[in-house]
Amino acid sequence: MYKFLISILLLLAFIGDVHAETLTLYSGRSKSLVDPIIQQFEKETGIEVKVSYANTTQLANKLMTEGEKSSASLFWAQDAGALGAVSKKGLFTKLPESVLTKVPKTFRHGDGFWVATSGRARVIAYSPDRVSMEALPKSVFDLTQSKWKDKVGWAPLNASFQAFVTAMRAQVGEERTEKWLRDMQANGAKTYPKNTPIIEALAAGEIDLGLPNHYYLFRFKKGNSKYPVEQTFFKANDAGNLVNIAGIGLLKSSNNDKTALKFIEYLLSVKAQQYFVSEVFEYPVTEGVIPNANLLPLDELLKIVPTFDLNEIDDLQGTIKLLRRVGII
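Start counting the sequence shown at 17; every next residue gets the next number (our numbering).
Source of the hints: derived by calculation from the structure; they are not laboratory data. Hints are not guaranteed to be accurate.
As the list claims (entries may be wrong) - Keeping only pairs whose Cα atoms sit at most 30 angstroms apart, straight-line, the calculated BS3-like set for lysine-lysine is: (1) K110 to K268; (2) K242 to K165; (3) K242 to K104; (4) K154 to K210; (5) K237 to K163; (6) K210 to K47; (7) K237 to K78; (8) K165 to K121; (9) K274 to K110; (10) K66 to K319; (11) K154 to K251; (12) K319 to K167; (13) K268 to K121.
Make the full structure from the sequences, and use the hints.
Here is the structure:
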């Protein structure tokens, strides 16, 4: 009798596992940033999210290799460039209008294959102890001047930087972009693996200027309001002021579109958007969110960004080839 009951319990457990909702997510967003909201989604819905974390560019390349045989249902990317590259390969399923209309047209794919989950701006970070506001370069192209030799930090392997270069290629052309990269290299630009070390290097006195995303400094300031680094934007419409997005797309390889769409809708909910604004210091892409006082209001931000369509920065492979040709990666 005892063995029979054990067998029944094991069978019930097996049946429960079979019917439990799960989805597989490829996340180019770092675990430290998004794991809390993923856990909250799991808690509220009972849906298990199996996450594969890696660099956004690496995941995009992996998906393009796997094609529709991928085990992933969703691709959550750190930038529009990677989403565009995957979309060009025909690997996304068009999202329903009920999802797309939650965000402005500026923050979604032109044909509906991905949607933004939050916004991020490129900035010029600096050491106020060594560089005054008045002395800051007015354009990203001014960073190649001799007075900034060995004083600028960048992160060429970072997906956001690569999206920025892709945008620059689309804005000013391949030739001028390559010249800027080579001139930066010749001017002693210091390479860091990602954005956080750039902020740390500024505080440590290794460099005077850096090219990160806007939200990294706020994390340091949260723990120490006197952290010795500041940041600002270049002149209005400069290529260095790119506003990019983190975004997500539903893959054709998904074996449960309904469950996957629940996750996308959750990321666009007020609760999730407030998390991105309050905890990650990013810009919201939907309405109804309490603004973060640390952030430039979105309407003011849009006045200084380069006029640019995020759908145009989909030539990720071209950027990788350029960076390799120049010898930066």
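Cross-check of the supplied hints:
1. Taking the CA atoms of K110 and K268, the gap is near 9 angstroms; set against the 30 angstroms cutoff, the hint holds.
2. A threshold of 30 angstroms between alpha carbons decides the hint, and for K242 with K165 the separation of about 27 angstroms falls inside it, so the pair holds.
3. Of the supplied pair hints, the one linking K242 and K104 is violated, its CA atoms being roughly 45 angstroms apart against a limit of 30 angstroms.
4. At roughly 24 angstroms between alpha-carbon atoms, K154 and K210 fall within 30 angstroms of each other, so this suggested pair holds.
5. Only pairs whose Cα atoms come within 30 angstroms are accepted, and K237 paired with K163 is accepted, the gap being roughly 28 angstroms.
6. This hinted pair checks out: K210 and K47 have alpha carbons roughly 15 angstroms apart, not beyond 30 angstroms.
7. Between K237 and K78 the alpha-carbon distance is near 36 angstroms, which puts this suggested pair outside the 30 angstroms criterion.
8. Our distance criterion of 30 angstroms between C-alpha atoms is broken by K165 and K121, whose separation comes to about 41 angstroms.
9. Simply put, K274 and K110 have alpha-carbon atoms about 13 angstroms apart, close enough for the 30 angstroms limit, and the pair holds.
10. Between the alpha carbons of K66 and K319 the distance comes to roughly 39 angstroms, so the proposed pair goes past 30 angstroms and is violated.
11. Only pairs whose Cα atoms come within 30 angstroms are accepted, and K154 paired with K251 is accepted, the gap being roughly 5 angstroms.
12. Our distance criterion of 30 angstroms between C-alpha atoms is met by K319 and K167, whose separation comes to about 29 angstroms.
13. Of the supplied pair hints, the one linking K268 and K121 holds, its CA atoms being roughly 23 angstroms apart against a limit of 30 angstroms.
The structure is inconsistent with the numbered hints 3, 7, 8 and 10, although it conforms to all the rest.
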